[in-house]
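Participant: Residue-level listing of the chains:
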Amino acid sequence: MGTNPQTRQHKLLDRLLDFGPFVIALALALLVASIMLLALRANPITAYAAMWDGAFGSENKFAETLVKATPILFVAIGITIAFRGGIINIGGEGQMISGALAGTAAALALGNTPAVVVIPASLLAGFIVGGLFGAIAGFLKAYFDVNEILSTIMLNQVAVQMMNFLLNGVMLDPEAAGFNNIPKTARIAEAAQIPRLALGVGEAALFDRTRLHYGFILAIVLAIVVYIFLWRTPLGYRIRAVGLNQRASRYAGINVKRQMVLSMFLAGGFAGLAGVVQVLGLQYRLQTDGSPAGFTGSAGFNGIVAALFGGLNPIGAIPASIFFGGLLIGAQGMQRVIGIPAAMVTAINGLIVVFVVSSQLWTRQRAKRRLSAPPPPSPQVQEEKAESDTGRSTTGQSVAGEV
Amino acid sequence: MEILTQVLSASVFASMIRLATPYIFAAIGETFGQRSGVLNLGVDGIMLLGAFASYYVVLGTENLLLGVITGLAIGAIMGLIMAFISVTLQAEQGISGIGLYLFGLGFSELLFQRLVGTPQSVNGFQLIQIPFLSDIPYIGEVFFNHNLLVYVAFACVPIAAFVLNRTTFGLSIRAVGQNPEAADAMGVSVSRIRYTTVIIGGMFAGLAGTSLSIALLKVFQQNLTNGIGFIAVALVYFGGWRPYGVMAGALLFSFVNALQLQIQVLENQIVAFQRIPSEFAIMAPYVITIIALVFASRRREQPTALTKPYERGG
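Residue numbers (this note's numbering), protein chains in the order written: chain A, 231 to 633; chain B, 6 to 319.
Source of the hints: derived by calculation from the structure; they are not laboratory data. Each residue gets a CB set at the ideal place from its N, CA and C atoms; glycine is no exception. A hint or two may mislead.
Unchecked claim - Counterexamples of contact, computed for chain A against chain B with all Cβ distances above 12 angstroms: (1) Val253; (2) Ile275; (3) Trp282; (4) Ser288; (5) Ile358; (6) Tyr444; (7) Tyr467; (8) Arg488; (9) Pro522.
To be verified - Ranges of calculated distance between the beta carbons of each label pair, as one might list FRET restraints: (10) Glu289/A / Glu306/B: 25 to 31 angstroms; (11) Ser264/A / Glu306/B: 43 to 49 angstroms; (12) Ile447/A / Asn68/B: 35 to 41 angstroms; (13) Ala428/A / Ala78/B: 52 to 58 angstroms; (14) Thr173/B / Arg462/A: 52 to 58 angstroms; (15) Phe174/B / Ile447/A: 36 to 42 angstroms.
Assemble the whole structure, with the sequences as input and the hints as a guide.
Facilitator: In structure tokens form, the structure reads like this:
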């Protein structure tokens, strides 16, 4: 397309302005958090410095941040698919747990088979079972009109109890039985463990001797795959079409109900992968303290925040997940250094969600202004406009803004 | 037969009534918001903040009235924030509610760890035995031997039903939830009504938290509510957006919960119950809620404008 420089400049400015809400949302969240810190008689600058150092201060700390970001990224990829499909999936926790249960069971059952068999098989088991668990909510929404936010929240509790039941019963580590009361499975075989990651060879390799594993690389690859899936394949197009406008999709001949179940299956599948990878790559056994976040570490919730902050784009979810991984690891550092409880991060996450969602009014108004006062548009811009216009539906799409 | 009388003892029904309290408060408040078209999913977070605030006040002052007022005030502030987000900024209600929940979850824990540290119980509301009535065998124990907030919760149900169905304010609320354009044309301010209902909902949510921390449990800890607020939102759907229906749902839910607790207590005495894993008992109320939602969705009373922001001339 032969665009003149002025339009190109205009487009660039447009792109930058699209990032505006996210930057402003983050700044506002940190500002409110600073006021909270001041009220608790802590210096916000010291606190944020301690956070930064805790998350990125050394090679090992950075590796821990990436380790923390891994399950968040898997969940965020899934949440992105669901939200793009118009389904507000809050069930990341439950889907992650059910995937982890299936993946661990597969890894234990396959025992000492070679890594090339046991690792893919476990990942697949986790993806399918996590997906099926997610599909329950999709099915209930599509065919019984049950609000998916509520059903997924209830299913989270069901999954936690299911895990407690299995880890205290059939999946309990035989060596731990009657020994102590920690519900945990046996340790998976060495072949089933996802290897640690080191960039480079020998002593000088980056991330050598850290806990960072190849699960992180897998998450990044899958983020790219899902981006291509959503924006470059007919199936991905149909999922997004349903999210943008159900009625129009139906008229276009798309089976809306089936797409809903499918997008929830995929969302649950990726959350399930988060669970399996957490076991195969890090913990080497499924273990919980019985509480809701005992195994997941709330990654199922943080994945939602990361997906939103990533602009509901799988590629955007990569830096967003690393950011939230850093926030969580940094908060532990902050707690150690200045004694501000790490729970602070949960509050900050909530603020970021609120500000990101609230800033959509601004994005929408900009989209509207673009419609009413048209600069000579290129066909691509036209397409975007159509998208942002229909994006004002009641679904999660309205959160997406334009990506 | 003997098992049945043991399971369905007066104490089970008494705890059903008692456990229903926070659900009734939160769900009645949520009914107001939803009837006007606003889905506030941050109830659980508001409850946590209200619960902590009133707990902290009572811990320091031992003044229960001040505790209740604090819970209401915190709820009102959070309601105002939710109203600003959902009405003025027209944000997606489901997700912004989750944001509010996360904020309440994190902030209440942060304050608790920073200001209190270890869970310590407070001198909360004591049982009030209604004279004469509480002496009636069985009935007395079930209905007339509770703390003040339990009675208040049940009193709120007919009041809410009256306000919604029999007053001009209630009519405006329903009009705004059903057809905001028409209500606007009739001179009803959509945003003022929605602000009011969401703030009322927030105050009820704060009170629900208060009833947990200074009346039912008399303690605060991390994530004290454990999702009660979300179930309350589900109960509004289940109750068909009517206060009495919501109360029935709350009673059903807390009956399953009370039964579940009783079965765990009786596990040691009755062999048959040992075969029921406690995890399934804990799971039961949530499964029942999902099933209830399936049936509730068959009905058609949902406010038409629920979750839809209103824009004048839009």
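Participant: Next, verify each hint and record whether it holds.
Facilitator: To see whether the hints hold, each was checked on the structure:
no.: 1; hint: Val253; verdict: 17 angstroms, holds
no.: 2; hint: Ile275; verdict: 18 angstroms, holds
no.: 3; hint: Trp282; verdict: 19 angstroms, holds
no.: 4; hint: Ser288; verdict: 27 angstroms, holds
no.: 5; hint: Ile358; verdict: 22 angstroms, holds
no.: 6; hint: Tyr444; verdict: 31 angstroms, holds
no.: 7; hint: Tyr467; verdict: 23 angstroms, holds
no.: 8; hint: Arg488; verdict: 19 angstroms, holds
no.: 9; hint: Pro522; verdict: 8 angstroms, violated
no.: 10; hint: Glu289/A / Glu306/B: 25 to 31 angstroms; verdict: 59 angstroms, violated
no.: 11; hint: Ser264/A / Glu306/B: 43 to 49 angstroms; verdict: 45 angstroms, holds
no.: 12; hint: Ile447/A / Asn68/B: 35 to 41 angstroms; verdict: 58 angstroms, violated
no.: 13; hint: Ala428/A / Ala78/B: 52 to 58 angstroms; verdict: 55 angstroms, holds
no.: 14; hint: Thr173/B / Arg462/A: 52 to 58 angstroms; verdict: 56 angstroms, holds
no.: 15; hint: Phe174/B / Ile447/A: 36 to 42 angstroms; verdict: 59 angstroms, violated
In summary, the numbered hints that this structure violates are 9, 10, 12, 15.
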